[in-house]
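Novice: Chain residues, written in single-letter form:
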Amino acid sequence: MIRAIRNALEGIGANPGRGVDKLVYRADKLIYSARLRAASFFGLSDPSRLIFTPGCTYSINIAIRGTLKSGDHVITTGRMHNAISRTVFDKRLGLNVSPLMWDEKEPITEEMFKAHMTPETKAVIVNHGSNVDGLLFPIDAIGKITRSLGLLLIVDTAQTAGVVPIDMAKNGIDILCASGHKGLYGPAGIGILAISPGVDVEPLVTGGTGSFSEDMDMPTTSPDRFEPGSPNFAGIAGLDAGIEFIQNTGIEKIFRRKMDLCMEAYEGIVNIHDVKIFWPEKEANRLPLFSFTVAEIDPSDVAEHLDKKHGIATRTGLHCAPFTHQEIGSYPIGTVRVSPGFYNKRSDIKKFIKAVKELSVKKER
Amino acid sequence: MSDCIAVFATTYETLRAEDFFRAEKIKFKPILKPRKIGSACRMALKFSEKDIEAAKRAVSAGNLDILSFYRKENDTWEKILGRILP
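Heads up: the protein sequence lines correspond to chains A and B, in order.
Counting from 1, one number per residue, gives the positions in the first sequence under the numbering used here.
Counting from 1001, one number per residue, gives the positions in the second sequence under the numbering used here.
By construction, these hints were calculated from the structure, which means they are not laboratory data.
Certain hints may be false.
[Unchecked claim] DSS-like, lysine-lysine: derived pairs with alpha carbons at most 25 Å apart:
| # | chain 1 | residue 1 | chain 2 | residue 2 |
| --- | --- | --- | --- | --- |
| 1 | A | 282 | B | 1050 |
| 2 | A | 309 | A | 345 |
| 3 | A | 29 | B | 1029 |
| 4 | B | 1072 | A | 309 |
| 5 | A | 22 | B | 1046 |
| 6 | A | 253 | B | 1079 |
| 7 | B | 1056 | B | 1027 |
| 8 | A | 29 | B | 1027 |
| 9 | B | 1072 | B | 1029 |
| 10 | A | 308 | A | 350 |
| 11 | B | 1036 | B | 1025 |
| 12 | A | 22 | B | 1027 |
| 13 | A | 354 | A | 308 |
| 14 | B | 1046 | B | 1072 |
| 15 | B | 1050 | B | 1029 |
| 16 | B | 1079 | A | 105 |
| 17 | B | 1027 | B | 1079 |
| 18 | A | 282 | A | 253 |
| 19 | B | 1046 | A | 29 |
| 20 | B | 1029 | A | 22 |
[Stated by the list, open to error] Which chain B residues stay away from chain A? Per the calculated CB distances, all over 10 Å, these:
| # | residue |
| --- | --- |
| 21 | 1016 |
| 22 | 1065 |
| 23 | 1072 |
C-beta atoms are modelled at their ideal positions from N, C-alpha and C, and glycine is treated no differently.
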């Protein structure tokens, strides 16, 4: 990924879509290839509708603000990240919102959605995976339900893109929002907005596209309609290399490795006195990350101990997901989140377990 | 034989068109769209008039969003086929 970014900056360094000199042409080809690869990776039949954005939050904003209007009603989940909640609850947008609470031990059903529906219900907006406790929503079942009910399905895949297989056509996803720098192994500052054929989205940002320049309306053709200004082509190069890495390595192999490490971490601390773990009960609903607390020790102090004494990086607090913490019962203090990566080693996990044990002993003294 | 150019709706579509032109064995060159045709600062595909029928087949095969084909007449570009897709 780093090599791809360096090659883009050192070997090209031109502004794509403006002119046709050799460097611009190479930049254009780079973005074109990346678009084809990403579209194929997510099962999007028309790659022109695969839009590169500055990140998943931007993608979510375009998806929600570009399809819904004041008075519309939407159904979300209780596991919303603020990328969704701060957008759907934005008073300027004027949406009515019903979060659907789901007990993961039960199957998700059409009746659950029907119970929240009003004549103004237009969309279901789902965090595919929770960034707090790793709860994985059954997107295939939800896609079948939204198709049956004639609702738009917008999916935030920040925690799942590149982690579990996603196929927009098969899963019934109308709009997919993805982050480049997490499971897709790209750099920060690049994201994806993928719009299924037939779904109309209004652009949020206007500006120069290098096409139809005499027209003061944004082009109707994609991707230009959603990509004004100079694209982050180095970020796109890095993201493309990340997705290529996943394709070459195998998404299942990457998942298995991360999950094995996660299980080892879980089993290593689950029986420690005063450690409370937040992770779905059913294995099928789990992503390779979980949250935990140690008695009444402030999660920030836990994280500081892990970082300063053991060089272990975790994320603490509310994780920009206050609704999730309310639902799992860790609000307002929050938790410490652990998410092993593909390049972590078993020795890292052993170190983590030892570090948490130290905290428990300290607390007892 | 005159030169012709094909102008597509987006850079993405132009790059997609290259594959279909190659499949029709059309010799083409990506060029900057001539200023006399419009203001946009982007790419067009230049090819020989002898390949115009093959170019039309490529557009059809790829369902390409073409804005127009142009043929060079003296010093001007004459539009020979308008946008054929919505």
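Novice: Hints first: check each against the structure and report whether it holds.
Specialist: Hint by hint, here is what the structure shows:
At most 25 Å may separate the alpha-carbon atoms for a hinted pair to count; residue 282(A) and residue 1050(B) exceed this at roughly 65 Å. At roughly 18 Å between alpha-carbon atoms, residue 309(A) and residue 345(A) fall within 25 Å of each other, so this suggested pair holds. The suggested pairing of residue 29(A) with residue 1029(B) holds, with an alpha-carbon distance near 14 Å, which does not exceed 25 Å. Straight-line distance between C-alpha atoms of residue 1072(B) and residue 309(A) comes to about 73 Å, which puts the hinted pair past the 25 Å bound.
Restraint check for residue 22(A) and residue 1046(B): satisfied, since their Cα atoms lie roughly 16 Å apart, inside the 25 Å limit. With a CA separation close to 54 Å, the supplied pair residue 253(A) and residue 1079(B) exceeds the 25 Å bound. Taken as a hint, the residue 1056(B) and residue 1027(B) pair is honoured in the structure, with Cα atoms around 14 Å apart against an allowance of 25 Å. As the CA atoms of residue 29(A) and residue 1027(B) are separated by approximately 19 Å, the hinted pair is consistent with the 25 Å bound.
The hinted pair formed by residue 1072(B) and residue 1029(B) meets the criterion: a straight-line CA distance of about 15 Å does not exceed 25 Å. A distance of roughly 17 Å separates the Cα atoms of residue 308(A) and residue 350(A); the hinted pair therefore holds under the 25 Å criterion. Distance hint between residue 1036(B) and residue 1025(B) is unfulfilled; the C-alpha atoms sit about 28 Å from each other, more than 25 Å. At roughly 18 Å between alpha-carbon atoms, residue 22(A) and residue 1027(B) fall within 25 Å of each other, so this suggested pair holds.
The hinted pair formed by residue 354(A) and residue 308(A) meets the criterion: a straight-line CA distance of about 14 Å does not exceed 25 Å. With a C-alpha separation of about 10 Å, the suggested pairing of residue 1046(B) with residue 1072(B) holds against the 25 Å cut-off. A threshold of 25 Å between alpha carbons decides the hint, and for residue 1050(B) with residue 1029(B) the separation of about 15 Å falls inside it, so the pair holds. Of the supplied pair hints, the one linking residue 1079(B) and residue 105(A) is violated, its CA atoms being roughly 64 Å apart against a limit of 25 Å.
Restraint check: the Cα-Cα separation between residue 1027(B) and residue 1079(B) comes to about 20 Å, which is no more than 25 Å; the hinted pair holds. At roughly 20 Å between alpha-carbon atoms, residue 282(A) and residue 253(A) fall within 25 Å of each other, so this suggested pair holds. A threshold of 25 Å between alpha carbons decides the hint, and for residue 1046(B) with residue 29(A) the separation of about 18 Å falls inside it, so the pair holds. For the hint linking residue 1029(B) to residue 22(A), the alpha-carbon distance of about 12 Å falls within 25 Å, and the restraint holds.
The Cβ of residue 1016(B) sits about 8 Å from the closest Cβ of chain A, inside the 10 Å cut-off, so the non-interface label is violated. Non-interface call for residue 1065(B) relative to chain A: violated, since the shortest CB-CB distance, roughly 6 Å, does not exceed 10 Å. Non-interface status of residue 1072(B) relative to chain A is upheld: no Cβ of that chain comes within 10 Å, the nearest being about 18 Å off.
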